[in-house]
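Engineer: Take the sequence shown: its letters are residues 1 to 60, numbered as in our numbering.
By construction, these hints were calculated from the structure, which means they are not laboratory data.
As the structure is a prediction and not an experimental result, all values here were calculated from the model.
We treat Cβ as the ideally placed atom computed from N, Cα and C, and that holds for glycine.
The reader is advised that the hints may include incorrect statements.
[Claimed, not checked] Here are the computed distance ranges between Cβ atoms for each label pair:
1. Leu3 with Ala37: 20 to 26 Å
2. Glu57 with Ile13: 24 to 30 Å
3. Gly55 with Met14: 18 to 24 Å
4. Leu3 with Asp34: 16 to 22 Å
5. His21 with Pro45: 28 to 34 Å
6. Gly51 with Asn26: 40 to 46 Å
[Stated by the list, open to error] Cross-link-like lysine to any residue pairs, in silico, SDA-like; alpha carbons within 20 Å at most:
7. Lys2 with Pro16
8. Lys2 with Met32
9. Lys2 with Tyr29
10. Lys2 with Ile12
11. Lys2 with Pro28
12. Lys2 with Ala25
13. Lys43 with Ala20
14. Lys2 with Glu19
15. Lys2 with Ser31
16. Lys2 with His21
17. Lys2 with Ala20
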Amino acid sequence: MKLGHDERGSFIIMRPELEAHRVVANVPYLSMGDIFAGYSDSKQPTECDWGEDVGDEVVE
1 MKLGHDERGS FIIMRPELEA HRVVANVPYL SMGDIFAGYS DSKQPTECDW GEDVGDEVVE
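Could you build all of it, start to finish, from the sequences and the hints given here?
Structural biologist: Below you can see the structure in the form of structure tokens.
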């Protein structure tokens, strides 16, 4: 994941870790406002209990 900023605002770039899985394409810029335009659900985020740690998780 890479964070960036340009004249349109802040953005995040996410891509597959393995270079063999990456595909270069002309992907349009979408802001969070564009992505969630028309969303009207009133659900609020809540915490989720995933159970006990089982590996090398970092829990802060």
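Engineer: Does each hint hold? Answer for all of them.
Structural biologist: Hint check results:
At about 23 Å, the beta-carbon gap between Leu3 and Ala37 stays in the expected band of 20 to 26 Å. For the pair Glu57 and Ile13, the supplied restraint of 24 to 30 Å holds, since their beta-carbon distance comes to about 25 Å. A hinted range of 18 to 24 Å holds for the C-beta pair Gly55 and Met14, which are about 23 Å apart. Taking 16 to 22 Å as the suggested C-beta distance range, the pair Leu3 and Asp34 conforms, at roughly 19 Å.
At about 30 Å, the beta-carbon gap between His21 and Pro45 stays in the expected band of 28 to 34 Å. Gly51 and Asn26 have their C-beta atoms about 42 Å apart, which keeps the hinted 40 to 46 Å range intact. The hinted pair formed by Lys2 and Pro16 meets the criterion: a straight-line CA distance of about 12 Å does not exceed 20 Å. About 16 Å separates the Cα atoms of Lys2 and Met32, which keeps this hinted pair within 20 Å; it holds.
Annotation: proposed proximity of Lys2 to Tyr29 holds, straight-line Cα distance about 15 Å (limit 20 Å). Between Lys2 and Ile12, the direct Cα distance comes to roughly 6 Å. Compliance with the 20 Å bound is thereby established for this hinted pair. About 17 Å separates the Cα atoms of Lys2 and Pro28, which keeps this hinted pair within 20 Å; it holds. A C-alpha spacing of about 17 Å is found between Lys2 and Ala25, which places the hinted pair at or below 20 Å, so the restraint holds.
Pair hint Lys43 plus Ala20 does not hold up; C-alpha atoms about 38 Å apart against a cutoff of 20 Å. Distance restraint check for Lys2 and Glu19: the Cα-Cα separation of roughly 15 Å lies within the 20 Å cut-off, and the hinted pair is therefore satisfied. About 16 Å separates the Cα atoms of Lys2 and Ser31, which keeps this hinted pair within 20 Å; it holds. For the given pair, Lys2 sits about 17 Å from His21 by alpha-carbon distance, which is consistent with the 20 Å threshold.
Proposed proximity of Lys2 and Ala20 is supported: the alpha carbons are some 18 Å apart, at most 20 Å.
Violated hint: 13 only; the structure is consistent with all others.
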